[in-house]
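Engineer: Sequence:
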Amino acid sequence: MNTQNYFTEKGFDNILWLYAPASPISYGREKVLERLPTEATVDLIGMDQYTKQGQYVQWMKANCDMIASIAEEYDLIPTIAETGLDDGYQTINSSMWYYSEFTKAITHGNCTKMAYALTWINSNPSSYWLPIQGQVGIAGVDRMHANPSVAFVDAEKWVDISRDAGYHA
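Take 1 as the starting number for the sequence shown in full-length UniProt numbering and just add one per residue.
Careful, some of the hints might be misleading.
Simulated restraints, written as ranges between beta carbons of each label pair [what the hints assert, rightly or not]:
| # | residue 1 | residue 2 | range |
| --- | --- | --- | --- |
| 1 | Ser127 | Asp13 | 34 to 42 Å |
| 2 | Gln55 | Asp13 | 39 to 47 Å |
| 3 | Pro37 | Asn14 | 15 to 23 Å |
| 4 | Gly109 | Asn2 | 22 to 30 Å |
| 5 | His108 | Asp164 | 19 to 27 Å |
| 6 | Pro37 | Lys10 | 37 to 45 Å |
Under the rule of at most 25 Å between Cα atoms (straight-line distance), these lysine-lysine pairs were calculated in the BS3-like manner [what the hints assert, rightly or not]:
| # | residue 1 | residue 2 |
| --- | --- | --- |
| 7 | Lys61 | Lys104 |
| 8 | Lys61 | Lys113 |
| 9 | Lys113 | Lys157 |
| 10 | Lys31 | Lys61 |
| 11 | Lys31 | Lys113 |
| 12 | Lys157 | Lys104 |
| 13 | Lys52 | Lys113 |
| 14 | Lys31 | Lys52 |
| 15 | Lys104 | Lys52 |
No lab work stands behind these hints: they were computed from the structure. No residue lacks a Cβ here, since even glycine has one placed at the ideal position from N, Cα and C.
Between the sequences and the hints, there should be enough to build the whole structure, so can you do that?
Structural biologist: Below is the structure:
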């Protein structure tokens with residue numbers, strides 16, 4: 001029995017199921033589709049994409065193009081399921097990466113069709129994927145946060161968007 005069958009048998013009908021291959025352009029569209037569960041069992045399609053500094057925008061554009069195309073063809077919700085720098089933000093010395101590369105990638109082209117983007121865990125002060133106050137890179141996160149095309153989950157504009165869609169009273 002797989003996880004989806006288990007939850008279905010237990011009566012859970014409010015779960016969204018995601019298929020998210022790692023760096024799908026590395027494998028090609030055919031391989032991604034070969035492993036795509038049927039539309040009846042998947043609601044979202046996304047990708048996990050980690051790259052080195054300087055390659056992020058290029059890789060994200062190519063992956064977003066593929067994911068958006070597949071999502072449209074199979075009537076799925078496209079996402080950036082997991083993303084960031086290969087070995088964590090602490091491996092670079094850039095205060096603006098989240099603005100200059102991350103924001104540039106997610107606010108252009110087919111990346112704007114993605115329902116959300118999620119970063120990886122901040123496991124400890126010396127291994128993190130999203131800078132917090134006092135760490136190198138927070139200036140870029142702050143600038144990204146101010147971008148009108150970006151909505152953080154707790155931001156007032158996201159609450160307004162979700163309320164307009166019927167998710168908040």
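Engineer: Would the hint linking Lys31 and Lys113 be met if the CA-CA limit is 25 Å?
Structural biologist: Holds. Lys31 to Lys113 sits at ~22 Å (cutoff 25 Å).
Engineer: For the pair we were handed, Lys157 and Lys104, check the Cα-Cα distance against 25 Å.
Structural biologist: holds, 20 Å
Engineer: Please verify whether Lys113 and Lys157 have alpha carbons no more than 25 Å apart.
Structural biologist: holds, 18 Å
Engineer: Should the hint that Ser127 and Asp13 are 34 to 42 Å apart at their CB atoms be regarded as holding?
Structural biologist: holds, 38 Å
Engineer: Checking one constraint from the list: CA of Lys104 to CA of Lys52, max 25 Å. Satisfied?
Structural biologist: holds, 15 Å
Engineer: Given the hinted pair Lys31 and Lys61, is their alpha-carbon gap at most 25 Å?
Structural biologist: Judged against 25 Å, a Cα distance of about 19 Å means the pair holds.
Engineer: Lys61 and Lys104: Cα distance at most 25 Å?
Structural biologist: holds, 10 Å
Engineer: Just to be careful, I want the Cα atoms of Lys61 and Lys113 compared with a cutoff of 25 Å; is the pair within it?
Structural biologist: Answer holds: Lys61 to Lys113 is near 11 Å, not above 25 Å.
Engineer: Okay, His108 versus Asp164 on CB: inside 19 to 27 Å?
Structural biologist: holds, 24 Å
Engineer: Take the C-alpha atoms of Lys52 and Lys113, compute the straight-line distance between them, and say whether it is at most 25 Å.
Structural biologist: holds, 23 Å
Engineer: CB of Pro37 to CB of Asn14, is that within 15 to 23 Å?
Structural biologist: At roughly 19 Å between Cβ atoms, Asn14 and Pro37 fall inside 15 to 23 Å, so the hint holds.
Engineer: State, for the Cβ atoms of Pro37 and Lys10, whether the hinted interval 37 to 45 Å holds or is violated.
Structural biologist: With a Cβ separation near 20 Å, Pro37 and Lys10 fall outside 37 to 45 Å, so the hint is violated.
Checked against the numbered hints listed earlier, the structure breaks hints 4, 6; every other hint is satisfied.
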